[in-house]
Every structure is written in structure tokens, then in C-alpha cells.
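A.B. asks: If you want the building blocks of each chain, they are given just below.
2 protein chains.
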Amino acid sequence: MSAQGEEAFVAWLRRKLPKPSLVGDDTAELVLPGKPGRLVATVDQQIEGTHFLPGLDPRLVGRRLLRVNLSDLAASGARPRWALLALGLPAEQDPRRIVEGVLQDARRFGIALAGGDIAHADELTASLTLIGEKRRGDASLGRDRARPGHAIWAGGTIGESALGCELLVRGAGLHGRKVDLSSLEESKLPARLLPAARRAVLRNLLPEPQLELGRWLARLGKRAGAAIDLSDGLGKDLGRVCTASDVGAEIDLRLLRRATPPRFDELAAAVELDSLAVALAGGEDYVLLFTLPEPISPPARFGAKRIGRITRERALSLLDRAGDRHDLPQIGWDHLLPE
Amino acid sequence: MSAQGEEAFVAWLRRKLPKPSLVGDDTAELVLPGKPGRLVATVDQQIEGTHFLPGLDPRLVGRRLLRVNLSDLAASGARPRWALLALGLPAEQDPRRIVEGVLQDARRFGIALAGGDIAHADELTASLTLIGEKRRGDASLGRDRARPGHAIWAGGTIGESALGCELLVRGAGLHGRKVDLSSLEESKLPARLLPAARRAVLRNLLPEPQLELGRWLARLGKRAGAAIDLSDGLGKDLGRVCTASDVGAEIDLRLLRRATPPRFDELAAAVELDSLAVALAGGEDYVLLFTLPEPISPPARFGAKRIGRITRERALSLLDRAGDRHDLPQIGWDHLLPE
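Top line first, the protein sequences correspond to chains A and B. So the working numbering is basically just the index in the first sequence, starting at one, shifted up by 33. So the working numbering is basically just the index in the second sequence, starting at one, shifted up by 33.
Bound conformation, chain A alone (with noise of 0.2 Å):
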């Protein structure tokens, strides 16, 4: 089964449940009968050695979990309000730090702390459960939003997090909001790289969820397209917008480029990987993947970035300099294969 990856279960699962399911995006809206708006639900996991490295400050465990979550929030366009919190951990670890960093998180995005659920584990799991309101008439920002000439954006830059993630594996560190680069395995990155590398070490630690722009996309209403946040990477995230509305995507090799942050290019060689690679696969930048009618555009204050548009052809492409296509590989992480 876990070869088939989480897709296939996923598919699996909607053909068990009855319809229509709320099962599909990754949050699901629960309508109250009789009642003017609807509540939006979500639940996210960190586990220990799946989704951060053993080792990692628990604090920064509970702010990520709760960011992560806030990311699938953001991207149906719904307002946090809630959050229930179920922890397993070793018995020698102290729950309270991971608490901590949820807790203080949860203040800064406004939500309050529920419920919550403790016990005895071997390795470290967190899942959170967030619930969200949203207005009468705001839009539903389903996967299976996107039409025919729809432009597709990126709501901030591409690839960051994984080479961030690439160099918390190679030895870096985070002390307070300070990233420790001293003790990198491989030799030193030249002076002019650090800022970057300080940047997508603390991108992939802290996402910053959009959920200002999830709320102006869902005040769009009728107007408004697809979205999904970028968890999994560009190409798989984008082939599940695409399936959920049965249509294709060619995305613009230099405005990709232009969605990439500053030295990308050199800090992915330093590392030892291609960049196209990471834009296109590495997954948890956390910023929103979503689509727009033609020509609505996001106020600039969001960042987002152009990057391509939807085609009736079920085609996933990749248009380069010389306006010739090639396919997108469908790739990117999948969290029920182990690393």
C-alpha cells in the first residue's frame, strides 16, 4: 500500500465514503445548517524522524505544526479561530516546550487552544486539528477551481525551504531566531551565500502561512480560482490542482525563475543540487499555489509571483526560454513513503 502512496489512498478513500465527501482538499468545509457561514477544518501531523529531524528544538516542533497547519488553512481562505492539540512523546521528554511554541504562535495568528489530548509514545507525534470561519459569499477555494486560461501564481518564492531543509541536514542550527551555520559537514559556504542560507534555514523551520491573501482570495467570491498551499512541491501540488479540474498547466521556465529568491541559483549548487530540481520538486515553501481568472491580480503587498496558466490540454508542461515545451515530472515529497 505505501508504494502506492498516499494518492492512491487518498482515492481509495473517496471511493468508500459516501457522497459528496468533504474529504479531498486538505481542509473540508462543515456547513451548520441553518446557519450563515461555514466553519472550515483541518488536521496536520509532525512526526519525529518524518517531518523534522530527531533532535530539533520541541518549541520550534509545536511553532512549525501549528504554521504548517495554518498553511492548509490559509489556503481555503478561512480565518483561524481554534486549535486542538494531540501529543505522543517519549517518557522522558517534557511536554511543556512543544506546547510552548504552539501557544505562542497561536497567539500571534489569533487562535485559541481548545482541546488537547497527552500520552506515552516511543517517538515524538504531534497532530493539530485547526477550525476556521468564513463569511457568507466568501468563495470556496477548492482544488477544482481552475479553468482553461486561468494565469497560475506562486503567493511568495519557490525552492527556499528545501535547500533549507538540505542544509539542516548538512549540520545547521537555529539558537533562538539566530541560524548557526558554523558547523556545516562539507566545506564552509562562501561569505556572499550566507544571508541566503540563513534565509531557507529559518523558511523551513518557520513558514509564514498567508492567510491574508487566502482571506482576499476568498472575498473574490464568484471570481476566485483554485488554491492549495505548496507543501509537497510545485509539480505534485500543482498535478493535484489540475486532476481535481480536469485540466492541464504549463508553467513559464522564466517566470519560475523570477519566482525563485535571490542567489538561488548558487546557494543549490553549494549544495550539490540542480535548481530546476528544487523549484520544481522540493516541497514545504508554504506559500499559496492558486489560479485567477484574467485580469485579476493580487495587490503587490502579498508578493505573489505569476508563474504560468491552466490549459484545456490535461498536459502538465514546463514552456523554456526558447518557447519549447517539455513535460513537468509529477514529483515532489510524499509523506507516507519513509525518507
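These are computed hints drawn from the structure, not numbers from a lab. Heads up, a few of these hints could be off.
For identical chains, the list gives no copy identity; a pair is met inside one copy or between any two copies.
Below, a list of computed lysine-lysine pairs in the BS3-like style, where the Cα atoms sit at most 30 Å apart [to be verified]:
#1 K211 <-> K49
#2 K338 <-> K211
#3 K338 <-> K167
Please build the complex by placing chain B on the supplied structure of chain A, with the hints as guidance.
C.D. replies: Showing chain B alone in chain A's frame:
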């Protein structure tokens, strides 16, 4: 930290949270501004080796997870509506069986699976969030609503699940709906105890959440008392009610005996357990423990048993046959501690 247990952790958490806090009971009430009624949310976990024996049929793990969590919702008086499931599981394990178990009982209890997450973990961990609804005028059945003079009620029999757990540890099994006692490690049980033993095993694996009783209690409105579900043992759970309500309690041993299942003493003796200790400290019966002002009593169809009364004096005591008082030990399961 873990040596201090779950209570100390919750006390720490309550100090950290802004007031009024939603954390304290097993469920939290989520009030939607400007809307009648309210939502109730709760999260619970089942972790291999902590909450169930390794090797338990994953379908049963799923059904048990849902039922145990529904019991928390029952204690809040809510009607269950939605579930969100987070699964961590080893690469070789098929996630479909546990999900099938959740879905089987979700249908029975009228719940929609609204979301999920699945990821690799070294041991099977499953956490489930449930969201239910309450109507305008429904009572808040908090732990803090017990008052001196209230009668103390158990929603059903007590101690049976702990005997079932002991039988499972000794080799009992379940095949379909059939309890298999043939491979019990010790000498075989006498034939007259087999029906009671089978019921005890089923009770432990597939508890019946008292949702209808919870709704009945909630509809009492202002006349309702406190409610909690019996998950960690009578002594411990009653202690929680008394602490939250700033009262004491007196359990009548003669009444408590009537709240144990048929052949309870004999079956306890057969597995070398003290029946009174099991009734007071054995957990996971998942009936409601609630208080009611006299002379209100629940309809006979619920099978609830009166077992004592709430006192002004802040002690937990046990009244023996002779009318003498003894301290009631607040012992019971502590899920934070490894077994």
C-alpha cells in the same frame, strides 16, 4: 515531568492560557459570535503499546478510537457531526483497515469524516478530532457543576472493561464479533464465567458511548449537574469532578456493588484481581459519571445506577456496609505514564 503525570501538566497549561480558557474538560465549547447554539470539539489518541496491545486488529483500533472519543462528546451532551483523523503508521502497515474501522462506526453514529492526514511513523498512532453540536438552551455539562447534595450516578456498570483488558493481556482475542478465550495463558476459566468474560473483552475493545444519555442530560438545561466519562477509573474521574467543583463525594459501597456487572467478583478473582480495587480504579468503562439534584433521575432505559452523593466537605470517601467512612483513593490510569 512525566512522573508528575497528566494532572500536573494540565494545571501548568491552564496557568499558561489566557482566561477564560477552553481547556480543562475533555471537550471545549466553541461559541460562534452572533449564532445560536454552539459547537463542541475534542481530540483523543490511540497509540500502539500505550492504549492497546501491539497486534490488535487495525479495524478494531479505528472503531475503538472513534468510540472512546465519542464518549467525551457524550459527556458534553453534544450531538456528533464531524471527525478528522490523523494517522501515523509503519511503512508495512495498510492504512485502509484502520480507516475502514473508523468509517464503519462513523456511519453507525451519523458522523461525516471531514478530513485526515497520513504519515510514516515507527509505531501506529492515531488521533481523532470530533466536532459536535449543541442546541440553544442545552446545559454545559462541565466537571465544575457538581453541587453538595447532588446524587452521583454511573451511566452503566463499572469495572468490566478493566477485567476485559486483563483477559486480553492473558491471551483473549476477538475474531469478528466472537471472543476467543481458548488461548488464555493461565488455567481455563470455569464455564459459568465464560459469558461474563466474553462481555468484558467486548466491553474493553468496543465500548458503547452514551450519546443519548448525554443529550438527555444536556436537555435538562439549568437543572443539570456535572458530567464526565469514566475513562481513567472512578476514583480519578470523580476526583476531577470534585476538584473542579470544589466539593467532595461519598460513594456508597452497597450501591457501587450494584453498579458492577454480573459475576464481577468471581471473574475478578479468577484473574487474580481485587474486585473493589477494579471497580474504583479500573478505567475505560466509558459510561458517563454525572451528578443530578434530587429527585431527578434518568429514565430506566439508560441503565444508570446511583452510587453516592456530593458533599460539601472536600474529601472523597467510601461508605462501607456498616456505615463507616474510608478514604477513597484517587488511583487510576494515567495515560502520560508508560505501562
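A.B. asks: Checked against the structure, which of the hints given earlier come out wrong?
C.D. replies: Of the numbered hints given earlier, the structure breaks none, since each of them holds.
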